[in-house]
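Chemist: Sequence:
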Amino acid sequence: MIDGFEKVELLAPAGNFVKLKTVFYYGADAAYIGGKNFSLRSYADNFAEDEIERAVEYAHALKKKLYVTVNIFTKNNDFEKLPNYLRFLYTAGVDAIIVTDPGVIDLATRIVSNLPLHLSTQANVLNKYAADFWLRNGIKRLILAREIKLQEIQQIHAHNPNVEVEVFVHGAMCMAYSGRCLLSNYLTQRDANRGECAHVCRWNYKLTETNNNITDDIEVEEDKNGTYFLNSKDLNLLSDIGNLINAGVISFKIEGRMKSEFYLATVVNAYRRAIDEFIENGEIQNVDSYETELRKVSHRGYTKAFLHGNNIETMSDAGSWSETQSDFVAIVRDYADGCAIVEMRGRFYTGDRVEVISPISFGSSFIIASITNMKGELINDAKRVQELLKIPVPCILSSGDMLRRIS
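1 is the number of the first residue of the sequence shown in my numbering; add one for each residue after it.
Since the hints were made in silico from the structure, they are not lab data.
Quick caveat: nothing in here was measured; it's all calculated off a predicted structure.
Hints are not guaranteed to be accurate.
What the hints assert, rightly or not - Straight-line distance between alpha carbons at most 30 Å, and here's what the computed DSS-like set of lysine-lysine pairs gives:
(1) Lys7 to Lys128
(2) Lys140 to Lys81
(3) Lys65 to Lys81
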């Protein structure tokens, strides 16, 4: 038990119901989702009200928690529908809402006073005195600014030992301070602070100079890799899980409501194992294995950001496209008698070596000896999208496990 809390929490994103099931299957203790309104990820599928009710029931049946984001930068006309939405979330039984705007916080504390409020990272909490202020105004949990240092987390926890402290540990980073960016709005009229970010920080830029109606392009080049000077690397704090727990963090948050099932399964699985190892042994014994796992999903290079102080190695100059070291090829739908029924998610062939992603087994791999379709026909090339196929496997698999081809 850590400072009176039953255990630390692994918190994962879910952009739709399928992803919600995925993150819970792979070990998340809680998930955060967005509704169709008031959420900072408008282009995720998100959840209608009936789906939120169903998601709450599903989470609670598994003895897990569900949080809902109500974290847009709120305007006057948003408050016309907001009271009824907050009442709905309370009645639906969500475990907390994630909020940023003081007006939303004030409204929530008045009309749904028993609904726990988690303060979004966009509130930029960096010090113990800001923590005091928010605690006095109804906040139960602080999702600290992503720019915070480990020592500052320790100081906030020491000053406010009863406050729940949550930090982002993995995923995309914003080039603006805690996500408060205006570039998307300015360049594309898509407001990042209302859930419509166009990710213009990932673009390849150049300066253009015009003299006497003659336009010259001036390359803005950091080095031979190009001009991605606003493009941040992705956050990865897996190896610092122990330091963060000792600093008082009780919730470890993964970014990515727009990310794929494969991404979420891989990342949640790695962090689940790392957290459990530290809790059990006081260290993460297989940290290198988990770091290898995290390199097998799309990413822009990794950084610890500013956890250990100022860090100039946060910019990704390799382009806006993510890297990956493996291909997601199938998800297991059933298993019996040494064979798995899999749903094709990426083209694969007889003779391919694949690795198993599973919350039970770790590091298993095998060569696909044969592929049989549901007509009983042997095939060598699995190329039909989402076709159900039968393959022999050397280990016991469960519905929800995934297969990836090793590059």
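Chemist: Run every hint past the structure and note whether it holds.
Modeler: Against the structure, the hints come out as follows:
1. A C-alpha spacing of about 23 Å is found between Lys7 and Lys128, which places the hinted pair at or below 30 Å, so the restraint holds.
2. Between Lys140 and Lys81, the direct Cα distance comes to roughly 24 Å. Compliance with the 30 Å bound is thereby established for this hinted pair.
3. For a cut-off of 30 Å, the pair hint linking Lys65 to Lys81 stands: about 25 Å separates their Cα positions.
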